[in-house]
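These protein sequence lines are chains A and B, in that order. Take 311 as the starting number for the first sequence in this note's numbering and just add one per residue. Take 121 as the starting number for the second sequence in this note's numbering and just add one per residue.
FYI, nobody ran anything at the bench for these hints, they're computed from the structure. Hints are supplied without guarantee of correctness; some may be wrong.
[Said to hold, decoys possible] 16 angstroms max Cα-Cα, derived EDC-like pairs, lysine to aspartate or glutamate:
#, chain 1, residue 1, chain 2, residue 2
1, B, 216, A, 364
2, B, 187, B, 146
3, A, 363, A, 348
4, B, 156, B, 123
5, B, 188, B, 146
6, B, 190, B, 146
7, B, 216, A, 389
8, A, 367, B, 215
9, B, 156, B, 178
10, B, 216, A, 366
11, B, 216, B, 123
12, A, 363, A, 383
The primary structure of each chain is shown beneath.
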Amino acid sequence: DAGITQSPRHKVTETGTPVTLRCHQTENHRYMYWYRQDPGHGLRLIHYSYGVKDTDKGEVSDGYSVSRSKTEDFLLTLESATSSQTSVYFCAIGAFRSGGIEQFFGPGTRLTVL
Amino acid sequence: GEDVEQSLFLSVREGDSSVINCTYTDSSSTYLYWYKQEPGAGLQLLTYIFSNMDMKQDQRLTVLLNKKDKHLSLRIADTQTGDSAIYFCAVAMSDKLIFGTGTRLQVFP
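Looking at chain B on its own, in the form it has when it is part of the complex (with noise of 0.2 angstroms):
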């Protein structure tokens, strides 16, 4: 089935660039997914990326995808202490999704 990757942990500093990456490995997969979850919530969709795209930017969110590696990032620019969370990918098979384990960002001045 499918497997979705994500590392554990990511720091910054208040004001630079975030970058969480996820590797999967189904290359079926027609869309992926970015998701935020704040301490004590649900999830919350953040951005999502088609297949046939390499790149999809909303505000501070830059989304890449590169097929032929199997790698998805998203990058948040000019990070700030309200973007700490845990961030998840998520690939759809059919009608369901398959998450990663979540990247829990810090955020510290």
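Same shape as in the complex, but just chain A (with noise of 0.2 angstroms):
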């Protein structure tokens, strides 16, 4: 299994809290990415990096934000958390192999914001 970790694995918060999620990888993979899984949307891609400090935007990127200081930390800030980003959120790594963009995901956190 792809080394991925993902801290906490379950948190419940209030409503206008900040929240930050880490993730954490030992395959020294470039790309890394943040996604939100919500009944009958499948994942969504919220933000993605392709290097250290190298980040963009994805699918639903409003009222996330991200960072990458070092190759094996990827971080998603809720800044002002809200009942709609409760969710579970996935992140995962990529490498160009012989089958493309091959993505590994974490085990996931579970986010309630009350």
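Please dock the two separately framed chains into a single complex, following the hints provided.
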């Protein structure tokens, strides 16, 4: 299994509070991604990174920011959490291989915003 | 942008074949993928197919690609209870993947 960990695995917070989720990899992959998974929507890309300090927006980036100061860590921040951000968040790492951009996923973080 | 569609549910009897379907809109996609998600876990890459291929077989898994109709399917032969999961198709757009909504496969005895 690809070496990807996410922390915390579960979090309950209140509306208006800041929240930071961490993704850590030991594979030295260049690409890292943050997705959210919601029923009926599948996985939607929030932000991704193609190198240290290089990030770009995904499909649902409003209300989220990211930072990548080291190859191994990719942080997702909700500056002021809202109930609509209750979701399961997945981090993925990616590398170009024989199968194109192959992505490998972490175990997920379940976030509940009350 | 790219749109990837899947039916939400599929129920099959153990030992039968399962066919999970996916349609997409952007014909420039180079690679197409199938991922499996078991309860409480992240997604696991099952297989992929390059866009110049029509079919790819990997043990019990067969992927069929119809580029003209922009249709991708995953066939699981001899479906087992351990195959119960959510299956996602995904299409590559440069360095990103666009995922479908996922199909929940339920296998009953």
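A quick look at each hint next to the structure:
{"no.": "1", "hint": "B:216 to A:364", "in the structure": "holds (14 angstroms)"}
{"no.": "2", "hint": "B:187 to B:146", "in the structure": "holds (10 angstroms)"}
{"no.": "3", "hint": "A:363 to A:348", "in the structure": "violated (28 angstroms)"}
{"no.": "4", "hint": "B:156 to B:123", "in the structure": "violated (19 angstroms)"}
{"no.": "5", "hint": "B:188 to B:146", "in the structure": "holds (11 angstroms)"}
{"no.": "6", "hint": "B:190 to B:146", "in the structure": "holds (8 angstroms)"}
{"no.": "7", "hint": "B:216 to A:389", "in the structure": "violated (25 angstroms)"}
{"no.": "8", "hint": "A:367 to B:215", "in the structure": "holds (13 angstroms)"}
{"no.": "9", "hint": "B:156 to B:178", "in the structure": "holds (15 angstroms)"}
{"no.": "10", "hint": "B:216 to A:366", "in the structure": "holds (11 angstroms)"}
{"no.": "11", "hint": "B:216 to B:123", "in the structure": "holds (13 angstroms)"}
{"no.": "12", "hint": "A:363 to A:383", "in the structure": "holds (11 angstroms)"}
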